[in-house]
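K.L.:
The primary structure of each chain is shown beneath.
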Amino acid sequence: MKIKPLFDRVVLKPIQNENKTSSGLVLAESNAEKPLLAQVITLGNGIEADGKPVEMQVKVGDKVIYSRYGGIEFKLDGQTYVIIRQSDILMVLED
Amino acid sequence: MKIKPLFDRVVLKPIQNENKTSSGLVLAESNAEKPLLAQVITLGNGIEADGKPVEMQVKVGDKVIYSRYGGIEFKLDGQTYVIIRQSDILMVLED
Amino acid sequence: MKIKPLFDRVVLKPIQNENKTSSGLVLAESNAEKPLLAQVITLGNGIEADGKPVEMQVKVGDKVIYSRYGGIEFKLDGQTYVIIRQSDILMVLED
Amino acid sequence: MKIKPLFDRVVLKPIQNENKTSSGLVLAESNAEKPLLAQVITLGNGIEADGKPVEMQVKVGDKVIYSRYGGIEFKLDGQTYVIIRQSDILMVLED
Amino acid sequence: MKIKPLFDRVVLKPIQNENKTSSGLVLAESNAEKPLLAQVITLGNGIEADGKPVEMQVKVGDKVIYSRYGGIEFKLDGQTYVIIRQSDILMVLED
Amino acid sequence: MKIKPLFDRVVLKPIQNENKTSSGLVLAESNAEKPLLAQVITLGNGIEADGKPVEMQVKVGDKVIYSRYGGIEFKLDGQTYVIIRQSDILMVLED
Amino acid sequence: MKIKPLFDRVVLKPIQNENKTSSGLVLAESNAEKPLLAQVITLGNGIEADGKPVEMQVKVGDKVIYSRYGGIEFKLDGQTYVIIRQSDILMVLED
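Protein chains in written order, with our numbering: chain A, 1 to 95; chain B, 1 to 95; chain C, 1 to 95; chain D, 1 to 95; chain E, 1 to 95; chain F, 1 to 95; chain G, 1 to 95.
Honestly, the hints are just simulated from the structure, not real lab data. The beta carbon of each residue, even a glycine, is placed where N, CA and C say it ideally should be. It cannot be assumed that every hint is accurate.
With a Cα cut of at most 30 Å, we get these calculated DSS-like pairs of lysine-lysine [unchecked claim]:
1. F:K75 x G:K59
2. G:K13 x F:K13
3. G:K52 x F:K4
4. G:K2 x G:K52
5. C:K13 x C:K59
6. G:K4 x G:K52
7. A:K59 x G:K75
8. A:K63 x A:K2
9. C:K13 x B:K2
10. F:K2 x G:K13
11. D:K59 x D:K2
12. D:K63 x C:K13
Just some of the chain B residues that point at chain C, by a computed CB distance under 7 Å [what the hints assert, rightly or not]:
13. M1
14. K2
15. I3
16. K4
17. P5
18. L6
19. A49
20. G51
21. F74
Chain A extracted, bound-state conformation (with noise of 0.2 Å):
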């Protein structure tokens, strides 16, 4: 089975809080409601329902820090994910 978001919509699949990673990248816990980190599934054609076309600026694969207030929940074989208009990014992550 495909998700084929619509729009500018964006899959995501939240990443864990890793404490000290290799990457340096810590969430802090006293943060949870906050920002979070996710990683994108996959993404709309990127044209709007009225024909204009939306530039994707993030790709695939990319760790992202989106706000829980933009996004909504689905699970999919138990996996949560989250929904979300590229515009409710904040910021991607790059290693």
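Assemble chains B, C, D, E, F and G onto chain A, guided by the hints.
P.N.:
Only chains B, C, D, E, F and G this time, still in chain A's reference frame:
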């Protein structure tokens, strides 16, 4: 009797959550108030009231996940349907 | 006395819920606060106040389902009517 | 003293609800907080502040139904009037 | 000292309610929190911040009725004035 | 240290209310939470983030009245300043 | 690990309030919930999702004052950062 949604609206028939279906899709029970699975039954003509065309990116028969907040429920012959703007459909699931 | 709605407004005459009608349409009783069935009585001229034309996609006699939130009720000769913007009409039912 | 509404505003003189008038119009008493009947007294020039023309679709003398929410009441010589944007007038009643 | 309102703003000097004046204008006392009578003292240049021209439809000396909600009061030499966007002035009263 | 406001923002230095000054300006004490007197200290470059030019209608040294709601206070060397969008400045006072 | 903000977003590193620094900047303690001082760490590419270019008026290393309301905090390697749209940055401080 035929249903003709106006503008970019889409009529959906909700699909009961299936546990461990052949398709592998599982929407968690605890998630029941969150996004919902449904099948597209019929579409509006994709012309907005102001005459602007809307690109209909879903088609009849598509399995979609939508947010309960965007849809309005109604019943026809005892079956519950949901009418929703296409822009409130989150994603299409493809086999 | 003739009613002339302004702009894109539509005057509807609500139809009582019928149980198991020949048309097969049943709006569930528990649904009474939800979308409602009505017949289109008369239409505005489809010209917005700023002069922009609106495409009137419903016509006199159409059976429509509308959301109670968008309509305003009034009475004429003891009959209740609803006036509503066309964009708040959800769908047309065709025989 | 002459009243000159600005822009697309319209001055209305509310009409008391009449029971079973010759015109047949009856606004139900229980409806008193709902749409109201009034007569158009005078109109703005139909030019918005930004210079855009507005099509005035009501004219002096028209009987109209308007929503109480959109209007602001004022008194002149003991008579209550209502000033309202044309877009908050719902419909015109024609004999 | 001269007051120069910015953009489309208008400075008004409130006029006390007069009972049965020669002009015939009476704003009801019970109406004190509702629209208010004032005289136009000075006008902005009618150029919005983005450079768009605004058509100033009121002029110095005009008697106007405005809604208290839109205006901001200030005092100069013990006199209370109101500064308001022209679009929040409801109407001009002409003798 | 120099302050450079972004876009159409303006930095103001509040002026204490003076009673019966030579200029004749008196902002009533009871009015302390209402519009406030200040002097323009420095201006943004008048270019919005989207590249659109804004016409700066105030200049350094101008005495202005602004609404407290639109401004954000900060301190530099013990002096309180206010930063505000030009569109929230109500008027300029000229001698 | 590199942080790449999306669109017109800016990553800031908050600067502790310094009392009477050489630069003379003092943000009052009582002001702690008000605008905050920070240094620009990295910038988005200045291309909005719809392809429109945004003029980035801040640059890496700039000391800026921003409103806490517009920013979202996150932590990386124990350091707190703030991500914010450029339009919510109030001003740049120059030596």
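K.L.:
A separate judgement is required for each hint: does it hold in the structure or not?
P.N.:
Taking the hints in turn, this is what the structure says about them:
With a CA separation close to 23 Å, the supplied pair F:K75 and G:K59 stays within the 30 Å bound. As the CA atoms of G:K13 and F:K13 are separated by approximately 27 Å, the hinted pair is consistent with the 30 Å bound. A threshold of 30 Å between alpha carbons decides the hint, and for G:K52 with F:K4 the separation of about 25 Å falls inside it, so the pair holds. With a C-alpha separation of about 25 Å, the suggested pair G:K2 and G:K52 falls inside the 30 Å cut-off, and the hint holds.
A C-alpha spacing of about 13 Å is found between C:K13 and C:K59, which places the hinted pair at or below 30 Å, so the restraint holds. For the hint pairing G:K4 with G:K52, the CA-to-CA distance comes to about 18 Å; that is within 30 Å, so the pair holds. Between the alpha carbons of A:K59 and G:K75 the distance comes to roughly 23 Å, so the proposed pair stays at or under 30 Å and holds. Among the hinted pairs, A:K63 with A:K2 is consistent with the structure: their alpha-carbon atoms are about 21 Å apart, no more than 30 Å.
Taking the CA atoms of C:K13 and B:K2, the gap is about 20 Å. The hint holds against a cut of 30 Å. Using a Cα cut-off of 30 Å, the hinted pair F:K2 and G:K13 holds, with the two alpha carbons roughly 20 Å apart. Proposed proximity of D:K59 and D:K2 is supported: the alpha carbons are some 17 Å apart, at most 30 Å. Taken as a hint, the D:K63 and C:K13 pair is honoured in the structure, with Cα atoms around 21 Å apart against an allowance of 30 Å.
Checking B:M1 against chain C: minimum C-beta separation of about 5 Å stays under 7 Å; hint holds. Hint status for B:K2 relative to chain C: holds, with the closest Cβ pair at about 4 Å, below 7 Å. At about 5 Å, the closest approach between the beta carbon of B:I3 and any beta carbon in chain C falls short of 7 Å, and the interface hint on this residue holds. Here the hint on B:K4 is kept, as its CB sits about 4 Å from the closest CB of chain C, short of 7 Å.
Satisfaction of the interface hint for B:P5 is found here, the shortest Cβ-Cβ separation to chain C being roughly 5 Å, below the 7 Å cut-off. Evaluation of the B:L6 hint against chain C yields a held restraint, the C-beta minimum of about 6 Å falling below 7 Å. Checking B:A49 against chain C: minimum C-beta separation of about 5 Å stays under 7 Å; hint holds. Hint status for B:G51 relative to chain C: holds, with the closest Cβ pair at about 5 Å, below 7 Å.
For B:F74, the interface hint holds, the least distance from its beta-carbon to any beta-carbon of chain C being 5 Å, beneath 7 Å.
Checked against the numbered hints above, the structure violates none of them.
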